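Number of protein chains: 2
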Amino acid sequence: MDLQNMDTLLRCPICFDYLNISMMSQCSHNFCSLCIRKFLSYKLQCPVCNEAMTEQDLRNNRILDELVKTFQHARKQLSELPFDSPPISPKS
Amino acid sequence: MDLQNMDTLLRCPICFDYLNISMMSQCSHNFCSLCIRKFLSYKLQCPVCNEAMTEQDLRNNRILDELVKTFQHARKQLSELPFDSPPISPKS
Ligand SMILES: [Zn+2]
Ligand SMILES: [Zn+2]
Ligand SMILES: [Zn+2]
Ligand SMILES: [Zn+2]
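Protein sequences, first through last, are from chains A and B. Oh and the first sequence: position 44 is 54 in the working numbering, straight run, nothing missing. Oh and the second sequence: position 21 is 31 in the working numbering, straight run, nothing missing.
Bound conformation, chain A alone (with noise of 0.2 angstroms):
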C-alpha cells in the first residue's frame, strides 16, 4: 500500500516523527522547526543534501502541517476498517 510511502514523506529526516512546524529549506528539504534549528546551531548546512544554509532561508511549508494532520485522521480511519477480520455476508 502507498499509504507507506505517503507516511516516509511527512517524516522529519531527523527526528523521524512527523513533521512538527514544517520548514523548508532553499534546497527543498524539510524539518520540524525545532530540529533544524538546533541542528544549524552546530552546523551551517542542510542535514540531508549538505548545502550551504542558514536559520534565514527557511520557509514555514504549511501545507506539509495540514497533510500530517489529514494524513494521521485518514490513516486512523482505514485501521478501523475490517481489513483483517473474516468477511462477513449479509443478512438475507
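Everything labelled a hint here was simulated from the structure, so no lab data went into it. Because the structure is a prediction, the values reported are computed rather than measured. Warning: the hint list may mix true and false statements.
Treat identical chains as interchangeable: a pair holds within one or across any two.
As the list claims (entries may be wrong) - Derived DMTMM-like pairs (lysine to aspartate or glutamate); straight-line CA-CA distance at most 20 angstroms:
{"no.": "1", "residue 1": "48", "residue 2": "61"}
{"no.": "2", "residue 1": "53", "residue 2": "17"}
{"no.": "3", "residue 1": "53", "residue 2": "12"}
{"no.": "4", "residue 1": "79", "residue 2": "90"}
Could you slot chain B with the ligands onto chain A? The hints should help.
Same frame as chain A, now just chain B with the ligands:
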C-alpha cells in the same frame, strides 16, 4: 473519509488540478509552476492571500510533487478494494 481533505490540499488553487511542479510563495501558498507564472505576469500578488510577490520569491516544493504521486497511487489501490461489492464468505 479524510482522504477527501488530502485531495483538496494537493490541488492547485488556480487550476484545481493536482499540483504540477509545485512552487511555494513566501506566504506559504502553493501553485503549479505554470499557473503561478501566468498569474504573476498579470498581477504581482499571491492569488490566495493577495500578499505582494514576484517570480523570484517562488521556491520549488518538491515534497508536494512526491505526495501527489503517492496519493494518486494510494487512492487507486484503495479504490480497487471491494468496499462497495457485497462481501464474499471465505470458502469453508
Ligand atoms: Zn523533527
Ligand atoms: Zn537540502
Ligand atoms: Zn495549477
Ligand atoms: Zn499567499
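The hints, checked one at a time:
no. : hint    : verdict
1   : 48 x 61 : within (17 angstroms within a copy, 30 angstroms between copies)
2   : 53 x 17 : neither (28 angstroms within a copy, 37 angstroms between copies)
3   : 53 x 12 : neither (34 angstroms within a copy, 39 angstroms between copies)
4   : 79 x 90 : within (17 angstroms within a copy, 25 angstroms between copies)
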